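Asker: Here's the letter readout for the chains.
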Amino acid sequence: MKDYVLRHLEEIVGPQNVRTRDEDLFLYSYDASFPEHRPEAVVFPQTTEAVSRLMALATEERIPVVPRGAGTGLSGGSVPVQGGIVLCLTKMNRILGIDAGNLVAEVEPGVVNQRLQAATAPYGLFYPPDPASMKVCTLGGNVAEDAGGPKCFKYGVTKNYILGLEVVLPDGRVIETGGNVVKNTTGYDLTRLFVGSEGTLGVVTRITVRLMPLPQSKRTMLVLFDSLDAASRTVSAIIAAGIVPSALEMMDNLLIRCAEDFVRVGLPTDAAALLLIEVDGADAGLDAEVASIEKVCRQIGVREWKVATSAKEVDQLWLARRTVIGAAGRFRPTVVLQDVTVPRAALPAMVARIVEISNKYEIPIGVLAHAGDGNLHPLILFDERNPDELRREHEIEKEIFSAALELKGTLTGEHGVGLTKLEYLPWQLNPAAIEITRGIKRLFDPHNILNPGKIVAQ
Amino acid sequence: MNTLTIQLEDALYRCNKCGFCQATCPYYLTTGEEWAVARGRLRLTRAILQGKLPLSDGAVRSMYQCFSCRACNVTCPSGVPVDEILIQARTELARQGYLPEPLAQMGRTIATTGNLTGEAADARRSWWQNLDWAPPQGGKHETVYFVGCVSSFYPQAYGLPQSMAWLMERAGTDYAVLGRDEVCCGYPLYVAGLEAEARALAQANVRTVREAGARRVMTTCPSCYRAWREFYPHLLGEELGVEVVHSTQWLAEAGLPLRPLEGKVTYHDPCDLGRGSGIYDPPREFLKSNGLHLVEMSNTRAEALCCGGGGNMESLDLAAGHAVAQLRMQQASATGAEWVVTACPQCKRTLSSVRSDIPLRVVDIVELARKLAVTD
Ligand SMILES: Cc1cc2nc3c(=O)[nH]c(=O)nc-3n(C[C@H](O)[C@H](O)[C@H](O)COP(=O)(O)OP(=O)(O)OC[C@H]3O[C@@H](n4cnc5c(N)ncnc54)[C@H](O)[C@@H]3O)c2cc1C
Ligand code: SF4
Ligand code: SF4
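So the protein sequences, as listed, match chains B and F. For the first sequence, the working numbering assigns the number 544 to the initial residue and increments by one for each residue that follows. For the second sequence, the working numbering assigns the number -3 to the initial residue and increments by one for each residue that follows.
The following block holds chain B by itself, in its conformation from the complex (with noise of 0.2 Å):
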C-alpha cells in the first residue's frame, strides 16, 4: 500500500488503529472458514465519519475494502481475497440505546449478538435471531449475512429484526435505511436489500432492531432415536402436523460424541440421532403442544423421549448444541461445514444423501440442522494436510449442493456464498438473474471495491 495512502489512513483512524505488520495482516486474512488471503492494511474505525473518510479515499484510490466483524464467517465473507483493507468493526461496539416502550434497540455493528440479549433481558425484552455464534459474532455481521440461529424457526431470521440501518456506501456517501416503525413502504425497501448482502454493498454503522417480549415459559424436550431416517422423518411430521416449535434441532451419533466429549453431561453417545425441540409462549398452552409433538414422536418410533425438568438441563442442551461445530475438531483436524436448504419434507431425502456421499468418499460427516427450517450443517470431517483427503472434501461439497439443488433446495441457507459458494452460484441463479445481481452491485460500487470477488465476482 502507497505510503500517502497510509498516512492518510492514519490521519482518518488515528496511528494505533492502522496495523500493516507482517503478522497483523496474517491474523486478519481468515475467518472461521478454509479460506485465506491476506490484506494489505487492517483498520479498526470507531466512528461512522471515519468509516465515510475512508471509503471515500479507497474509492478515489481504488483500493478494495472488506469490512469484518468478528470473524466468525463460514463462507469466507471478511477474507480480502484482494487485499486491499480490511476494515474491522470491533471497536465500533456501543449500545446506543433501548427502547422499552417500543421494543427497539439501536447499536453499532460491532456489538456482539450476546451482549445486545443481555442487555434488553432486565426489560423482559430479547432479540430473536440466536446463531449458535452469538457469543462471539457481531450484530454487523448478522446482518451482512442475515444470520439464523435455532429460534427462527418460529420466529423468523435477522431480515425480520431489522428496521433500519445507517449504511456507508462505497464512495463514502451515508444513507439511512428504514425507521425505527415496524411498518414503512416509502420507496423500495433498501434495508432488506443490505441485509444479507454479505458486505459487498455497503458498510453498516449503525443498526435499529426490533425486539419482542421474552416469552412467558418453555419447554425443552429431548428426543432420541435408533436411526438417523427416523429423526428426520419426525421433523418432516411435526412440521406437516402444524406445529410450530421455536427450536427444532438435529445432531446424529458423529456429533453427539463430539459434543459430549466437550460438554460431558451425559448425552448418549449410543443413539443414532437426537432432536432438541423447544416450544414457548404463554405456560397455559405448552403442555398442550408438548402432547402432540410426543405424539407424533412415538408414532415414528423413538428411542426416549422426555423433557427437560431444570433450568440447568435446558443450558447445558443448548450448551451442547451451540458449541458441537467446534467440538468436531476434537475428531478431525479440519472442519468444513455446508449450510444447505431443502424444502422441509425432503429433509429425510438429504439426509440419506448425505450419507451416501460419506459412505462413498470414505470420509466422516456429522449431520447437524436447524432441522425445522430444513437447514443442514453437514460437517465434513478431514485433515487438510492430506491431499487426498482434501481433493475428496472438494468432490463431497459438489455432490452435497447437487443433491440439495435437485431436491429443490438452496446452496445456502443463513452462511452466504461469500468465497467458498462463489463457483456454484450458476448452478442456482439462471443468468438473467445473475446479470441483475450484478447490476445491482455495480449501482452501489461502480469501482468494485468493497469486499470484491464475492458472491457475484465481477
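Derived from the structure by calculation, the hints contain no laboratory data. In this text the structure is predicted, and so the values were computed from the model without any measurement. The beta-carbon is built from N, C-alpha and C at its ideal position, and this holds for glycine as well. Any given hint might turn out to be false.
Derived lysine-lysine pairs resembling DSSO-like cross-links, with alpha carbons at most 27 Å apart [to be verified]:
id, chain 1, residue 1, chain 2, residue 2
1, F, K284, B, K545
2, B, K855, F, K284
3, B, K761, B, K838
Derived contacts from chain F toward chain B, CB cut-off under 7 Å, selection only [stated by the list, open to error]:
id, residue
4, R10
5, N12
6, K13
7, A55
8, A107
Based on these hints, arrange chain F with the ligands on the given structure of chain B.
Answerer: Relative to the frame of chain B, chain F with the ligands by itself:
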C-alpha cells in the same frame, strides 16, 4: 521454532478457527484484536511452524503477552490445550533467544535473590515485624505455610499472611513459615517458558519442606498452590509426598465461626484456583455457611474473568491489566454487592488498584475471616 513436538503440532491443528474463545478472553474483550485471542495466537504459531511467517516482534509478543488465565482452554469446544501450546512455544522461543527483556530481567532477579522483587531474602520476614507475636519458624511441624512472593514483599499484601497465621494459631494448627529459606515458587518462570530455572526453584523449595519434615504445604496464593500441586510433580518427575492445600479449602474445613456481615458479597474466582485447579466450591461454602449473602457475577466459576494481574503481564503490558481489572470491577458492581471477596493476593492487588466511584471493597477471604472471627 521448528522443533516443537509433533504431539503439540497435532494439538495446534485441533483449532478449527471457530472463534468461540473470543467470548471469555480478557485480552480480546478489552481490545477486540485478533492477536490477543487464542485463535490468533495459535494461527500465528502454526504459520511460523509452517514457515509462512517470520518470527517477528509482534508474533513474539502474541506468544508472551497473555494473562495465562486459561479462559480459552475451558471455552474451546475443540479442547485445544492453549496454555500448554503457548508455554511450549515460549520455551522454544526462550531457547532461541527471543525472551522479552522484562522477562529476562525477571529471570535474573529471581536467580540472584530468590524472589520477584529483588529485595534481600531477609525481607520475607517483614510481614510480621510489626506484630506483637511471630509465626513459628524452624523445627519440625506438620504444616509449612508457603507464603509466596506477593504477600511477602508488597506491604499492602501483608494483611494476608498476618491473618492466615493468626487463624492457624487460633485453630491450633501445628505450622511454621520458612522465612528467608523460602524462594519464589517458580510459577512466573514456568509460564514464561523458563523451565530449567523453574525446576531449580522447585527443587530448592521441595528440599526445604522435606527438611522441615512437613506433611502438608499450606498456600494462600493460587499460583503457588498450582505450582506445588501441578507443576512441581511434572518438573521433578516424581510425586512430592506432601499434601498441598489452599487456604480456601482449609477455611471450609476448619469451620471457624464468623460474626455476621451487613450487605452482599460477590466472589471473584482466581484463575489458578478455579479454572486452574477446579476449586470453586470451598470458598463459596465457607461464605454461605457463615450466613454471608453471596451473589454471583455475570462471568463466574469456569467462565470467570481474570482480574488482569495474571501471567507476567505487570511487566509486559500494565495498561492491559488495568483495562481488564476495570471490566471485572464493573461486573462486580453490577451485582449490587458491597464486597468483592477473592482468595489471591495478586487478584486483590489488581482489583483494588481500580479507581472508581463505586464504593466496592476488595478483600481476601482469609482477611475477611480474620476480620469477622468471633473473638472471646
Ligand atoms: C461455530 C459456528 C457456529 C455458527 N452458527 C451459526 C448459526 O447458527 N447461524 C448463522 O446464521 N450463522 C452461524 N455461524 C456463522 C457466523 O457466525 C455468522 O455468519 C455471523 O453472522 C458472522 O458474524 P461476524 O461478526 O463473525 O462476521 P464476519 O465473519 O467478520 O463477517 C461476515 C460477513 O459480514 C460482513 N460484515 C461484517 N460486518 C459488517 C458491517 N458492519 N457492514 C457490512 N458488512 C459487514 C463481512 O464483510 C463478511 O462478508 C456460525 C459460525 C461458527 C464458527
Ligand atoms: S475456541 Fe478453540 S477451536 Fe475455536 S478458535 Fe478458539 S482455540 Fe480454536
Ligand atoms: S490465557 Fe487468557 S488472556 Fe491468554 S489467550 Fe487465553 S483467554 Fe486470552
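Asker: Please check whether K13 (chain F) passes as an interface residue: C-beta within 7 Å of a C-beta belonging to chain B.
Answerer: For K13 (chain F), the interface hint holds, since the closest Cβ of chain B sits about 5 Å away, which is under 7 Å.
Asker: Between K855 (chain B) and K284 (chain F), does the CA-CA distance stay at or below 27 Å?
Answerer: holds, 21 Å
Asker: Take the C-alpha atoms of K761 (chain B) and K838 (chain B), compute the straight-line distance between them, and say whether it is at most 27 Å.
Answerer: holds, 19 Å
Asker: Against chain B, run the beta carbon of N12 (chain F) and see if the smallest gap drops under 7 Å.
Answerer: Holds - the Cβ of N12 (chain F) comes within 7 Å of chain B, reaching about 4 Å at its closest.
Asker: Would the pair K284 (chain F) and K545 (chain B) pass a check requiring their Cα atoms to be no farther apart than 27 Å?
Answerer: It is violated: about 63 Å lies between the C-alpha atoms, which goes past 27 Å.
Asker: Mind checking the CB of A107 (chain F) against every CB in chain B and telling me if the closest is under 7 Å?
Answerer: violated, 31 Å
Asker: Would the stated hint for R10 (chain F) survive a check requiring a Cβ distance to chain B of less than 7 Å?
Answerer: holds, 5 Å
Asker: Against chain B, run the beta carbon of A55 (chain F) and see if the smallest gap drops under 7 Å.
Answerer: holds, 5 Å
In this structure, the earlier hints numbered 1, 8 are contradicted, and the remaining ones agree with it.
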